[in-house]
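There are 2 protein chains.
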Amino acid sequence: MRTSLLAASVALAFAALSNAGTIAAAPRETRIPAAAIAEAAQLRETALASDLGYRITQSLTTEVGARMAGSEADARAVAWARAKFQELGFDKVWVEPVTFPKWQRRSESAQVLGPNAQALTLTALGGSPGGTVEGEVVRFADLASLEAAAAGSLAGKIAYIDTTMERARDGSGYGPGSRVRSRGPSAAIRAGASAYLMRSAGTDSHRNPHTGITRFDDGLVPVPSAALSAPDAEQLTRLLKLGPQHVRVALDCGWDGTATSHNVIGEITGSGAARSRKEVVLIGGHLDSWDLGTGAIDDGAGVGLTMAAAALIGQMPKAPARTIRVVAFANEEQGLYGGKAYALQHGKDVTRHQLAAESDFGAGRIYAYSSSAPPHAQAADRQIAEALAPLGIAYAPGTGGPGPDISPFAAQGLAWARLAQDGTDYFDLHHTPDDTFDKIDPQALAQNVAAYAVFAYLAASAEGDFGSAAKPVTPPAE
Amino acid sequence: MRTSLLAASVALAFAALSNAGTIAAAPRETRIPAAAIAEAAQLRETALASDLGYRITQSLTTEVGARMAGSEADARAVAWARAKFQELGFDKVWVEPVTFPKWQRRSESAQVLGPNAQALTLTALGGSPGGTVEGEVVRFADLASLEAAAAGSLAGKIAYIDTTMERARDGSGYGPGSRVRSRGPSAAIRAGASAYLMRSAGTDSHRNPHTGITRFDDGLVPVPSAALSAPDAEQLTRLLKLGPQHVRVALDCGWDGTATSHNVIGEITGSGAARSRKEVVLIGGHLDSWDLGTGAIDDGAGVGLTMAAAALIGQMPKAPARTIRVVAFANEEQGLYGGKAYALQHGKDVTRHQLAAESDFGAGRIYAYSSSAPPHAQAADRQIAEALAPLGIAYAPGTGGPGPDISPFAAQGLAWARLAQDGTDYFDLHHTPDDTFDKIDPQALAQNVAAYAVFAYLAASAEGDFGSAAKPVTPPAE
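Protein chains in written order, with the numbering used here: chain L, 5 to 482; chain B, 5 to 482.
In case anyone wonders, no lab produced these hints; they're calculated from the structure. There could be a bad hint or two in this list.
Since the list can't tell identical chains apart, any single copy or any two copies may satisfy a pair.
To be verified - The calculated SDA-like cross-link candidates involving lysine to any residue, where the alpha carbons are at most 25 Å apart (straight line), are:
no. : residue 1 : residue 2
1   : Lys443    : Arg171
2   : Lys443    : Gln115
3   : Lys161    : Val142
4   : Lys443    : Gly179
5   : Lys161    : Lys475
6   : Lys106    : Gly223
7   : Lys443    : Thr428
8   : Lys443    : Ala172
9   : Lys161    : Glu138
10  : Lys245    : Leu92
11  : Lys106    : Asp55
Bear in mind that the values here come from a model prediction, so they are computed numbers and not experimental data.
Only chain L is shown next, with the shape it has when bound in the complex (with noise of 0.2 Å):
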């Protein structure tokens, strides 16, 4: 999962879209009929008592395990997600290319030197070069410290931010715990630094690191750039505080041109006529997952719960008007590279997605659904969060954002759902080597199935559109 200033920025517009009924000619009311809420109330059900989503989770990360986008386990990840497809009676299965650039992580230690020597556990961040580098270590207590610092005035040294992460239910702590990521090495590179260090952007107390994709603004030459475990930077905090201290960092891992992987979809065909089977309800998650762990987590829930509901709609004596479409995405956490060439691809075809929800979020019970649905859709996304209040899930318009893989699309017009999932743990556990499958809940994942299953259903059954259209956004300014 990683936080998108474009999702925020969708849903502002959406908002204002709204709020302004800047519509010209109000479309007619949308609804979902009755017999199709009876009916998903059943779906929810049987979606609670089944653990088709679990078991689809466990063999994709015991089969497959860890697979980094590029690399040879991410292609046996690509295979598993078209014959699982497949395995569960999907009608149409495909998948549709994704090339990006490789990054490769090969070794990665550290250690004090001096009178306190001792290992360092840090893992590199992803997009970090390779490289040995030694220096005295400079604390700063957050991003806007090191932002502060004069160009030239860590040369030779290692910059290294001690922030904390909040912990919280709807993962806001991330926000800026991701910011001492993505624009801490370009800030300790203006600074003069030789290397980036950084409290994990995490919530445990495990001596487990959290790696994540960073970047390096144009002109700047990338230096190694890391994060410790949370133990491992109070260990060096506590040791700065008896004097100056010498760390050698050594990281063995960079770019290596590009590889293709894919976005594999797979559909249950709609049973309405031919111009509402064409039009689609996407759910999905993302196929890749960081090295360290086996991406359960982050995603493999994700991919398995939406195949499930999807699957589980699959069995019903009738499928519903529209087509449900699941879709795994390639490369989500180095750039969102599978989101951005699904809206590349499928542009022309904004209208007929009704509506989409990407699960990226862990595994977590959803507690609150919310939508970009506008003012003539606005009872209609009542309908389904009532189906869905009997799991516990609150309505909450007006909150959250599109998923990272639909937030390309929805930035071109692209209707979002958003199922909010507990995310109280999920730091503890994200883009770490603990991000493995015995860490899934199953009670709480069928129930994932199920609040993805009925959403699913009532959006393809619904009498009108949900707002999907085609207007370009203007891309935020960043």
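We have chain L; now place chain B onto it with these hints.
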């Protein structure tokens, strides 16, 4: 901490002596003067309000970090302990050499090969030889199953024991758990296996494997032996349900000559007459740690809290009659070398050792007190228990045994006490990279310091003995 058959045997031997009443002439009953009880109550409150034990533990684990026996950091730990005793105002400080075989860990990795290729996180068991082995994994549900395997039946294969250790306040799950570690490798070799894997002897679910010493029975050729983290063990077990799995285990580690470290000893001199000043109450912990973490709960806390308890006694207006001796034992982890050396060096002085207690079970609150007190000392023992009761400590006569490093001396007749720590979470961290200072609760540690201070002060103030006497106990047959 290392469970010792010896310790259990000593406890039984003492119980037998007590029950049978085989001591010929009944000694005078030991009693603790009322004035000492009153002083101890004040000492208890002072210790509870002090963060001294926490600061000492922080100093060791931060400034030295991991300190595996025989390493460069181990030597720094010895220097640290000498300096710390002096800084804390101990009256006498000295070291006693301890020599042992030196084991080193350089690198370790494992991969599942073939269609489910992925990395497994493991750590070599202490004492394992290095080597790279590829083979099919054969899973056993427990040690008995592997021990029952026919000789040669695992030729060319990797034996894997998949036993889950039980969580318990008193650590009782570690007996079976550590036997899988100590006996599994020899059982694997007898069955012809070329390597040995086990699920870590631990109670956590994090990606941190648990190391610990193993041994190989005489006449066997050692094979690479390692422990998987709990998530990796579960992963391997799931993979084996899919079909045969080949794994490559690559360990670079092994024995390399001998090393000499030191027991470091500090004393707060008693205030009694010459004879009583020469008598000591011994408390302590072990100075060495495994190399993966910084040895905070195992056993930085034991060193820190016993140093602090004695230092607080040293700050009282008047010392107790007997001397308080704190021993920071060398190389507990690889075979109680420091404890054995101490017993050898001080064996002739067993009757001068009034009572001894080692802290080596983490930093959790102490919940029970017991000792080896014979009948004539049981009233005094109860007086100690009553002074500990306000700390939430129950009197539990007849339970437990001596700490690991005092067990060799206890086998020669040393009277011991046990201040039982709550070990519910101990085996989440024990012998893992995650054994770091941030895991210690300062309030719980202060309670430990208070308990050890009260215990040592009262034992040192008693009129009469607690049963230490030169009584050779037949070494238990194993």
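Okay, the hints, checked on the actual structure:
1. When the C-alpha separation of lysine 443 and arginine 171 is checked against a cutoff of 25 Å, the pair qualifies both within a copy, at 18 Å, and between copies, at 18 Å.
2. Taking CA atoms no more than 25 Å apart as the test, lysine 443 paired with glutamine 115 passes between copies only; the shortest distance there is 22 Å, against 31 Å inside one copy.
3. Proximity of lysine 161 to valine 142 under the C-alpha cut-off of 25 Å is restricted to the intra-copy arrangement: shortest distance 7 Å within a copy versus 50 Å between copies.
4. Taking CA atoms no more than 25 Å apart as the test, lysine 443 paired with glycine 179 passes inside one copy only; the shortest distance there is 24 Å, against 27 Å between copies.
5. Taking the closest pair of Cα atoms, lysine 161 and lysine 475 never come within 25 Å of each other, the shortest separation being 48 Å inside a single copy and 62 Å across copies.
6. In this homomeric assembly, lysine 106 and glycine 223 come within 25 Å of each other (Cα to Cα) only inside a single copy, at 21 Å, whereas the closest approach across copies is 51 Å.
7. In this assembly of identical chains, lysine 443 and threonine 428 lie within 25 Å of each other by CA distance both inside one copy and across copies; the values are 13 Å within and 20 Å between.
8. Proximity of lysine 443 and alanine 172 under a CA criterion of 25 Å is satisfied in both settings, with 18 Å inside one chain copy and 22 Å between copies.
9. When the C-alpha separation of lysine 161 and glutamate 138 is checked against a cutoff of 25 Å, the pair qualifies only within one copy, where the shortest distance is 8 Å, while the shortest distance between copies is 43 Å.
10. Proximity of lysine 245 and leucine 92 under a CA criterion of 25 Å is satisfied inter-copy only: 21 Å between copies versus 58 Å inside one chain copy.
11. Taking identical chains as interchangeable, the C-alpha atoms of lysine 106 and aspartate 55 are never at most 25 Å apart, the minima being 35 Å within one chain and 51 Å between chains.
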